[in-house]
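J.: Chains Y and X supply the protein sequences, listed in that same order. Residue numbers for the first sequence, in the working numbering: 32 to 288. Residue numbers for the second sequence, in the working numbering: 525 to 841.
No lab work stands behind these hints, which were simulated from the structure alone. Any given hint could turn out to be false.
[As the list claims (entries may be wrong)] List time: in silico DSS-like cross-link candidates among lysine-lysine, alpha-carbon distance up to 30 Å:
1) X:Lys830 - X:Lys542
2) Y:Lys284 - X:Lys542
3) X:Lys830 - X:Lys541
4) X:Lys541 - Y:Lys284
5) X:Lys830 - X:Lys740
6) X:Lys601 - Y:Lys284
7) X:Lys542 - X:Lys740
8) X:Lys601 - X:Lys541
9) X:Lys601 - X:Lys740
10) X:Lys541 - X:Lys740
11) Y:Lys284 - X:Lys740
Quick caveat: nothing in here was measured; it's all calculated off a predicted structure.
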Amino acid sequence: MTTTRDQVLLLARRSVVRTWRQPAATVFPLLFPMLLLAVNSGGLRAETHLPGFPTHSFVAFALAVPFIQGALFATMNAGTDLARDVQTGFLNRLSLTPLRGAALLAGQLGGVTVLGVVQACFYLVVGFAAGVRPKAGVGGVAVLLVFAALIALSFGALGAWAALRTGSAEAVQSLFPVFFVFLFISSMNIPRNLIATTWFRDAATANPVSYLLECVRSLIITGWDGEALGLGFGIVAVVGVVALTLAARSLPKRLAR
Amino acid sequence: MGRANTIETQGLTREFKKGPRAVDMIDLQVEAGEIYGFLGPNGAGKSTTVLMLTTLLPPTAGTARVAGFDVAREGPKVRARIGAALQEAALDPLLTGREHLRLQATLQALPRPDRGTRADELLERVGLSGAADRKVRGYSGGMKRRLDLAMALVHRPTILFLDEPTTGLDVQSRAALWEEVARLAREDGVTVFLTTQYLEEADALADRVGIIDHGKIVAEGTPESLKAEIGRPTVEVIPSADGDGRVADLLSRFGELVPSARGVAVRLDGGETGLAAVVRALDADGVSVEHLELHRPSLDDVFLAKTGRSLEGHGAE
Numbered sequence: 032m033t034t035t036r037d038q039v040l041l042l043a044r045r046s047v048v049r050t051w052r053q054p055a056a057t058v059f060p061l062l063f064p065m066l067l068l069a070v071n072s073g074g075l076r077a078e079t080h081l082p083g084f085p086t087h088s089f090v091a092f093a094l095a096v097p098f099i100q101g102a103l104f105a106t107m108n109a110g111t112d113l114a115r116d117v118q119t120g121f122l123n124r125l126s127l128t129p130l131r132g133a134a135l136l137a138g139q140l141g142g143v144t145v146l147g148v149v150q151a152c153f154y155l156v157v158g159f160a161a162g163v164r165p166k167a168g169v170g171g172v173a174v175l176l177v178f179a180a181l182i183a184l185s186f187g188a189l190g191a192w193a194a195l196r197t198g199s200a201e202a203v204q205s206l207f208p209v210f211f212v213f214l215f216i217s218s219m220n221i222p223r224n225l226i227a228t229t230w231f232r233d234a235a236t237a238n239p240v241s242y243l244l245e246c247v248r249s250l251i252i253t254g255w256d257g258e259a260l261g262l263g264f265g266i267v268a269v270v271g272v273v274a275l276t277l278a279a280r281s282l283p284k285r286l287a288r
Numbered sequence: 525m526g527r528a529n530t531i532e533t534q535g536l537t538r539e540f541k542k543g544p545r546a547v548d549m550i551d552l553q554v555e556a557g558e559i560y561g562f563l564g565p566n567g568a569g570k571s572t573t574v575l576m577l578t579t580l581l582p583p584t585a586g587t588a589r590v591a592g593f594d595v596a597r598e599g600p601k602v603r604a605r606i607g608a609a610l611q612e613a614a615l616d617p618l619l620t621g622r623e624h625l626r627l628q629a630t631l632q633a634l635p636r637p638d639r640g641t642r643a644d645e646l647l648e649r650v651g652l653s654g655a656a657d658r659k660v661r662g663y664s665g666g667m668k669r670r671l672d673l674a675m676a677l678v679h680r681p682t683i684l685f686l687d688e689p690t691t692g693l694d695v696q697s698r699a700a701l702w703e704e705v706a707r708l709a710r711e712d713g714v715t716v717f718l719t720t721q722y723l724e725e726a727d728a729l730a731d732r733v734g735i736i737d738h739g740k741i742v743a744e745g746t747p748e749s750l751k752a753e754i755g756r757p758t759v760e761v762i763p764s765a766d767g768d769g770r771v772a773d774l775l776s777r778f779g780e781l782v783p784s785a786r787g788v789a790v791r792l793d794g795g796e797t798g799l800a801a802v803v804r805a806l807d808a809d810g811v812s813v814e815h816l817e818l819h820r821p822s823l824d825d826v827f828l829a830k831t832g833r834s835l836e837g838h839g840a841e
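Chain X on its own, in the form it takes in the complex:
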């Protein structure tokens, strides 16, 4: 397959007239079959990057190769291999779900006998068979997103771009979409480039995460490695009154004590695996514990460490 479903950029830049650099010299390497989460706050440059990678917006500097083809010079070849669900579900409210898929199938030049079958198959896959002949203006946000995804898959792309696919969706619809995206990568080997502002989405779905801020990539790696990079987990213990005096001494054996408003907390030298030893030690010393909690570093902690700001609470780009 070679570079058939990879994404590579070098110094990719997009500058708008009368504006700042939306994307500033980013280098990316997304491997085949990988789910790459592109995480960042409002206006960080996520959508601009997707528009460039999908050939909808020319870069002002740098290069990008998608599926082995240059996005600026070999647009038609790139477009033949990618599917995209952009930030807003790009649907016609007056057409039905089935009509959308048949339109897409025809424009993507699927053989005539396959068009209906492919539409039915995708409607089934995204759980819209029952609503296939209803006009899209009556669909819920989740249904529109699922139809948008189905349309992106009509021509069996090897690379899928999803720009904030779950923004505004309820928990159930979000979970259903995550499941489908994960299935596409695991079972069909589709490379997924997913932008999101939701930390838990990147954490749950992505094999690797790139964190973008002010157009620059500030951190990249697996969610676990990024979190590990900024710190080890902590265990916070709230003792019952009678064990109070001994807890700090006991916990200090497992690492450095850190401030805790409610009880005693220790940053585990041995990482998460140290938790069992802490519990055993507390038990062996007969310390009565009211509450014990493991705090893992989150991607928000990573973002905070890299940018000095928290990602939580930011709106959509």
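The following block holds chain Y by itself, in its conformation from the complex:
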């Protein structure tokens, strides 16, 4: 009998190899957030002159955004891959082996998590090249990478749940615009306390994505901020637990055996 660990590693490796072999799945999540960062940094640089803006570098402020966009791509990758496995019957094939359901989910998400960390490293390197130096130092970078891994895992689990529920790659991909709306009505481009429009400030305050951004941002531009870290990690944990629970509940129906 293969151990659960072997099964997880095998499927995580497959997930990474699959993504690596799809240039669109590899290049787009790396380049698109960087292009958006470049455009926003150029166009919104004047914001740094606003009283109360937390940094003089808009790149440092906006570098948090790619981390969250990376999570969206993780959601799409995990979900789309799993849905394709359902559609092609590959999941049925896996069902006929002694594969444990938990290993299937963990393997799939393990691969997505690895890719999430690779993306985060890339974003950090670009940030370094643009002169950004995380205020929380080397330890902060390590925490940032752990956070990126958890975001990829949690949002990947959401994608996996959608895939297991619907069995359709198209349905999973239709989530993308929904997540993007959450991103745009957050503190993505301006700190919440500087948002002048009340309804937008309220929406951004109610939006959990704001706290994920602020968690990353705190490590880059503030240093060690316990409240921001607690909120960010707390939200990721809640999303992760809920999404994993939902995915784990949907799995037995798909692995009907």
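Given the structure of chain Y, go ahead and fit chain X onto it with the hints provided.
T.: Just chain X, lined up with the frame of chain Y:
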């Protein structure tokens, strides 16, 4: 070996919500080392039966034992003994053929040193050694089917389920797959449960055939016995002009004359062996014949006789 590679069902039924009974109280008995052809048209219940027998779909009534184990209660034991290539080749387009086999070998818990060897052996057997390191998305339909079969064989199953394995394949790929399936049964003693909509496939490969229609088995037996059951072969003779008058009299000695649009036809009382006697009699009487043809009953005739419809021309389930 006991019931080690047999398949038995009793009253096996699958009913879907808001739908008809896909499989309706079927009783099957497939013996060890046998190739059992499960023949039927679109939506007859073939694939649903396979899904139940492979533990992927629970029956709503009845029982099924595969390799001596109950499919509903002893799924892991069943799965350890079976291999399956389901209707669509279940492959990952982004992995290579070799990667597929190594993945399967690992998940099937083959000892680490054997995984590569087994993959190479199967790639060789299904004729994919040359394409082993190419991504599957570049494979032809026949190559995908052969890889699918190889994956089903990784853990040396004693029972193999093949759900319409040759649908959509060209003649050459179909023949290659038939050869491999026959070899598995004859040389390795693997029991093969094969669903098909191709009459010639069931005829050429299966030791026994079960014909399913609307979820029920309507006929079962060896292809020969099924054909014999519905009628004896006929010989159709188209005489040259000068022998015309005598042919009907002569043929009537060998059985009942049946209508023929082109010449004279007789249903042979003695079966196919009567053909030689007909030829000898025609020769002895000096009858000149333009064309002579033996018509054997086909499985389509069997299907027609049992259901009132022809199986020819139906699409895949």
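J.: Against this structure, judge whether each hint is valid.
T.: Structure-based check of each hint:
Taking the CA atoms of Lys830 of chain X and Lys542 of chain X, the gap is near 28 Å; set against the 30 Å cutoff, the hint holds. Proximity of Lys284 of chain Y to Lys542 of chain X is assessed by CA-CA distance (about 19 Å); at most 30 Å being required, the pair is judged to hold. The suggested pairing of Lys830 of chain X with Lys541 of chain X holds, with an alpha-carbon distance near 28 Å, which does not exceed 30 Å. Under the criterion of a C-alpha separation no larger than 30 Å, the hint pairing Lys541 of chain X with Lys284 of chain Y is consistent with the structure, at around 15 Å.
Note on Lys830 of chain X and Lys740 of chain X: the hinted pairing holds, with a Cα-Cα distance of about 11 Å set against a maximum of 30 Å. Between the alpha carbons of Lys601 of chain X and Lys284 of chain Y the distance comes to roughly 20 Å, so the proposed pair stays at or under 30 Å and holds. Taking the CA atoms of Lys542 of chain X and Lys740 of chain X, the gap is near 19 Å; set against the 30 Å cutoff, the hint holds. Proximity of Lys601 of chain X to Lys541 of chain X is assessed by CA-CA distance (about 29 Å); at most 30 Å being required, the pair is judged to hold.
Only pairs whose Cα atoms come within 30 Å are accepted, and Lys601 of chain X paired with Lys740 of chain X is accepted, the gap being roughly 28 Å. Proposed proximity of Lys541 of chain X and Lys740 of chain X is supported: the alpha carbons are some 19 Å apart, at most 30 Å. The straight-line distance between the Cα atoms of Lys284 of chain Y and Lys740 of chain X is roughly 27 Å, inside the 30 Å bound, and the hint therefore holds.
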